[in-house]
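Visitor: Next come the chains, spelled out residue by residue.
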Amino acid sequence: MESTTVDYAATANEAQARIAAAPDLDALEKLRVEFLGKQGSISALLKTLGGLSPEDRQVVGPQIHALREGVTAALAARKDALEQAALTARLAAERIDLTLPAPQAPRGSVHPVSQVLDELAEVFADLGFSVATGPEIEDDWHNFTALNIPESHPARAMHDTFYFPDHDAEGRRMLLRTHTSPVQIRAMLQQGAPIRIIAPGRVYRSDSDATHTPMFHQVEGLVIDKGIHLGHLKWTLETFLKAFFEREDIVLRLRPSYFPFTEPSVEVDVGFALVNGKRVLGGSGDAPGHGWMELLGSGMVNRKVIAAGGLDPDEWQGFAFGVGVDRLAMLKYGMDDLRAFFDGDARWLGHYGFSALDVPTLSAGVGVVA
Amino acid sequence: MKFSLTWLKDHLDTDASAEEIAAKLNAIGLEVESVEDPAAKLAGFTVARVLTAERHPNADKLQVLSVDTGRGEPLQVVCGAPNARAGLVGVLGLPGAVVPAGGFELKKSAIRGVESNGMMCSTRELELGDDHAGIIELPADAPVGMPFAQYHGSDPVFDVAITPNRPDCMGVYGIARDLAAAGLGTLKPIAAQAVPGSFACPMPIRTDDAQGCPAFHGRVIRGVKNGPSPDWMQARLQSAGQRPISALVDITNYVTLAYGRPAHAYDLAKLTGAIFARRAKDGEKVLALNGKEYTLDAEMTVIADDKGVHDIAGIMGGEHSGCSDDTTDVLLEVAYFDPVRIGDTGRKLNLTSDARQRFERGVDPAFLDAGLELLTTLIIEICGGTASEVIRAGEAPSGTKVVPYDPSLAERLGGVAIPEDQQRATLRALGFASDARWNVVVPSWRPDVDGAPDLVEEVVRIHGLDNVASVALPRTDGVARPTASPAQKLERKLRRAAAARGLNEAVTWSFLPTAEAEAFAEGNGGLWVLDNPISEDMKAMRPSLLPGLLSAARRNLDRGASGLRLFELGRRYLRGAGGHSDERLTLGVVLAGEKATRGWATGKAQAFDAFDAKAEALALLAEAGAPVENLQVMGEAGDQFHPGQSATLRLGPKTVLARFGMLHPATLKAFDVAAPVAAVELFLDAIPGKKAAGFARAAYAPPALQAVTRDFAFLVPADLPAGDLVRTVRGADKANVVAARLFDDFRGQGVPDGHKSLAIEVTLQPGEKSYDEAELKAIAERITAAAAKLGAVLRG
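Protein sequences appear in the order of chains S and F.
In the working numbering, each residue's number is its place in the first sequence (first place is 1) plus 115.
In the working numbering, each residue's number is its place in the second sequence (first place is 1) plus 815.
It is worth saying that the hints were derived from the structure and are not from the lab.
Bear in mind the structure is a predicted one, so any value in this text is a computation, not a measurement.
Taking lysine-lysine pairs in the DSS-like style, the calculated list, with each CA pair at most 30 Å apart, reads: (1) F:Lys-856 with S:Lys-393; (2) S:Lys-447 with F:Lys-1304; (3) F:Lys-1163 with F:Lys-1085; (4) S:Lys-419 with F:Lys-1163.
Next up, chain S with everything else stripped away, as it sits in the complex (with noise of 0.2 Å):
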């Protein structure tokens, strides 16, 4: 039959131009609707294809069908493309200038004396000592006379000692602690025997100059138990504070003393060499360039106190010492001014404190490198 010859390719160029052309969607889609729709001008020829004798059909089906998949295709394409150009479009729209400041959350700290204390709690922990507590308003047979610190005892002059005016039920003075040695009495009275305990906290003493606040902490240890000699308080010592420093050249140098509480009684000195005019803990106080400063009081822990303790001291016998918390910290972390340890200056407290995370463990060190 000379029926009418339609010319597929030249129609497939003219929808793909069409369509390339396309300016957003709506168009794209009017075109799809145009050329495939119902009424569309591609669905209209595979329509003639049910007229034609078997032989045309072979002939002109296939070419029907490649134009209207070559459509479809560029339909395709192209919504691919203007999609991607209207993302760009946003995306380039919600561009933000990152370099504004961000929203933010104030940092907490904690106290550098808080975080000592944790930290001595960790190291004496792993020697198997724990944490006892006493009351700071004492009265004074527990803070002198259980201690064999007698009445004429300069330690109870008015000139060291806050007294306030009242007596307790048995006729004690009260007064505020002047170490945290009381604490040795009422765990001993408390627990009995054996004992490990340190005891941390605030002591008081009528002092205050550049280098001594009224109110101060302490930490106090105390063994007692069986067979305990100097031997082994020479190496708790040594133990702790390499542990405390995290430094193996620690140099202790004991020298004999005198505490009414201790029998025989010994200060500790640790050796320390002058970095750019700062003392560095470690290595002999005896190397050139070195010297000892005086560090803790210690002791093997007078009979007199162990039986005011309520132990017998022929059966127990042990070593207790008292170090400044204060001081520690100062030595480990660096600060010089012991009175801005109780300003509350926020500057002070963000530059010194630590962070809520920096929890001390034995296995990540009890220290927080600076």
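For this one, chain S is given, so just place chain F on it according to the hints.
Guide: Quick look at chain F alone, frame taken from chain S:
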């Protein structure tokens, strides 16, 4: 205790250097605070001879000297000393030398137009004595050109801190004994010869206070001539930091410092009748040698004559009866005073002295006669005169202490094995005798030793603490277990929780000004107020942590801080049972000034408000394990808080776990704080402890079906607390309602006067199967009915 090496060598035969001696002193428990060599200050001064001395052309009182320094040409030196003359050998300070007195550096200069190349020095200028009348005159054969430091000789001075248990080392002799025992030389015996009296003591001596003054020995020396003490004695006293006064005074001071034996010398002419120790009378006054008048009481012992008090016994002599240049007859007092009495008296009078320091530690009660003879010998040698017989009133304590000892204790207590014969030798060198069965006799000068551990200390310190080896503490049995108590764990956790929430931990004083403490006191028997505060600002123990934090906030604001988040975790001090304290762990939070600064996204700065305080309180209580869902917000936070913007958080009607809110403007005014402040106080002791025994938690599986939410808006009376409605809604149908959250509080258009509209989002959790319409309706009716009991009406 300060003393020179020369002085030490009076008592110790030794070749040891000053460094070796200092090291040994430290090692045996006599802590060396410093070793100073006065000669070190004499660098740049040289022995020099005046060749010629001529009148200064422009000044009457000056001379122009030509001085031979032993090298090079003679130097021209201008000098104003009257004794400067040709031939004098003295000490020349060259340009560059620093004059010890005054600390100025000498320079080449022109004095009244004449060049001067140095300074001829006086004794005082070199701090070698008090003489400033003229320049130093050395012997004519002194080697010209020798550095003066070398000529003068080095004599290091030790400053040793003596612990209160060692009165024997309050004398150079006792220190020498310790050093000898430690192997640093040989102790020289004390050369105390008895001086026989040539006449009966003309002054009656007695003690009427046998308790305060158990023994009073004395004698008179007649015909003395007082004057300056000899150079050797002056040098020793100066090394101890004492100023020489006169021979009689210097001699008593010397014996005090050399032997730890204080004594007093009275001018006999100034005494009337008898001399005796007695109790002072209440209100009795005495003018002491330091020029101050002291009022005494009947607890104090004095030395008096028939007319009045001459001496605060064992502490300080009186101004009126001391020796002067005119003294010819002397009464010596060598007494033993009760250490406790001396200490008490000295503290009450706030008066310290070399004598008190020794008597209150306990002088050697067996050394009274020896001391008296030493004094007598020195006085007669230096001042002449003749001695009377000795009168001894009373008796010094004399009982000898014997301590049973076991030498194995050195190892069992001291941690170091020391051979028995070495221990015996050490004890012997320190004056302790011992028999074969180790009964050890304590020497009279060691009141501190009364038990075997004291002897361990003696042998171990002399043997050397360096020799004590470290021995590991045995590990305790069992697995690692927590060493902290539940309260300590709670404290640590809360501290870090607060820091993690952006709060800065402060540590503030335990004491407050009384007015601040009173403003935060809550009855409970009253405040703890110190008798002897260091200042009025540190007088009362804090009953709350807030005042200290508030003051810290003010200091920060005054420094220009805009916003502060401070907290403290510590004790507050209340009255407890039996006259004891009740110290409660408390957490205080102060939020002051700006919560957020102005920002590009948020606009103006925002101040803290009461809800910030509430948020901190609830968050920290939740960390502490408190059942925050069950807490009630109730009033009565306290007068310190804004009455309309504060509350307590209670578990049941009585247990207050926390208070929070804005502080009262009057509180802020009292603390001088200009910014609004929100505050929280958490009472840790009130938080119920956990009851669970193990680690396993209650069983839980997330529900299979999704929860649904429904919104309810109620009209309620304006004064109904929103929390009441929320709690009621949450409790209206416990099987289905798992949460109720208020999201709107509206007053205004559409809401009648005296009412408000509260909108609540209710979360419902279906169990086995989803809700159908009927079920949802039934639940909503239950909620509406419960709310109606509070006067709430569902809005249409």
